[in-house]
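Participant: These two chains come separately, so use the hints to put the complex back together.
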Amino acid sequence: AQRVTQPEKLLSVFKGAPVELKCNYSYSGSPELFWYVQYSRQRLQLLLRHISRESIKGFTADLNKGETSFHLKKPFAQEEDSAMYYCALTTGRRALTFGSGTRLQVQP
Amino acid sequence: NAGVMQNPRHLVRRRGQEARLRCSPMKGHSHVYWYRQLPEEGLKFMVYLQKENIIDESGMPKERFSAEFPKEGPSILRIQQVVRGDSAAYFCASSPIVENTEAFFGQGTRLTVV
Chain A
482 AQRVTQPEKL LSVFKGAPVE LKCNYSYSGS PELFWYVQYS RQRLQLLLRH ISRESIKGFT
542 ADLNKGETSF HLKKPFAQEE DSAMYYCALT TGRRALTFGS GTRLQVQP
Chain B
264 NAGVMQNPRH LVRRRGQEAR LRCSPMKGHS HVYWYRQLPE EGLKFMVYLQ KENIIDESGM
324 PKERFSAEFP KEGPSILRIQ QVVRGDSAAY FCASSPIVEN TEAFFGQGTR LTVV
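If you're matching them up, the sequences are chains A and B in order. Mapping the first sequence onto our numbering, position 102 (from 1) lands on 583, and the numbers just tick up by one. Mapping the second sequence onto our numbering, position 11 (from 1) lands on 274, and the numbers just tick up by one.
It is worth saying that the hints were derived from the structure and are not from the lab.
With a Cα cut of at most 27 Å, we get these calculated DSSO-like pairs of lysine-lysine: (1) A/554 <-> A/503; (2) A/490 <-> A/546; (3) B/307 <-> B/334; (4) B/307 <-> A/554; (5) B/325 <-> B/314; (6) B/307 <-> A/490; (7) A/554 <-> A/496; (8) A/554 <-> A/490; (9) A/496 <-> A/538; (10) B/307 <-> A/503; (11) A/546 <-> B/307; (12) A/546 <-> A/503.
Reference listing, derived: stretches of chain B covered by chain A, where coverage requires no fewer than 3 residues with Cβ under 8 Å from a Cβ of chain A: (13) 296 to 306; (14) 369 to 377.
Think of the CB as a built atom: it goes at the ideal place given N, C-alpha and C, for glycine as much as any other residue.
The shape of chain B in the complex, shown without the other chains (with noise of 0.2 Å):
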């Protein structure tokens, strides 16, 4: 098992492209957690979805953040029109249908806005 995949590791955008990261989680796991990380601060929650269903987006901006994970292929966080306050670490969760078990993380993808 590879663990949660997370590409691209870093991803330069200019102001107003567009961004999108991809979270492949673990084998068997059909829970995905993203979470934003800015310099010098703690990981923040963004989305929580299972697979087809987004199930808590409280942590998500309410304009140009969308997420989703389909039934076939890795979870997207989709950012549009991208600002310099955009620039942060992103990282992707994974566990279980099982409650209470633990969540498994990827590398990051390293997100710079110039």
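In isolation and in its complexed conformation, chain A is listed as follows (with noise of 0.2 Å):
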């Protein structure tokens, strides 16, 4: 079976500083991974998904296949980046399998 891991419920960063969260996967085939983001208050909404290549907010995540990682990245980050971070994959049967999600926290 699938399985994501983020290992940090928490990072704490100031405002300038890169940010790196991590996210790790378990499947023997070749899933389609994600990263949602859920501001204070505001529903979980998609931030990018590996396949697009894109880069949104800043944010870039790379699919490493060897170390079967999906780590998300901000060289310089903001205070208005704080929010949850959940990484997720889907396997091609729609439904999404979501890690239990990284805190970021830009302090001033």
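Facilitator: In structure tokens form, the structure reads like this:
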């Protein structure tokens, strides 16, 4: 069965510092990976997906099949980036498997 | 388009009562997914439905839980004889019929069983 691991419950950085939120997955096939974000009092929303290879709000994530990782990175954190971040995968059956989430706190 | 609408936002039930959670998908979306989030945990898939069909209920507890998505009206997640362990946030997401498209989430229903 597939599994998504986000080892950090909380990541606290200062404004302008680089950010890396870790995500590792286990699945024997070729999953599709996503990052979702939930800002305070807002609904969960898609941040980016690996197949589109986009940079959204300065965030990027590269799928590393050798390390089975999909870490989320941003070179310079902003205060408005403070939120819960969830890594997720789907295996083609459409439903998502989520990690437990990492709370990012960006301090001024 | 108002987005995925869930109601109620908060629901309090006594042990043994029934809980009904509603989800209205985005206009034009025919796929609905229900997820449960326990405290300090990620969202866990429960069930995937299309109009009048349950496609995948592999994450649904075998007893007391049921879901439907009728031809008309919202999708309903029903929990009978609730217990304290059912207290959680329940999220609904919807997507259109096209494969590999984004799922849009509702704001969730927070169920508290007292």
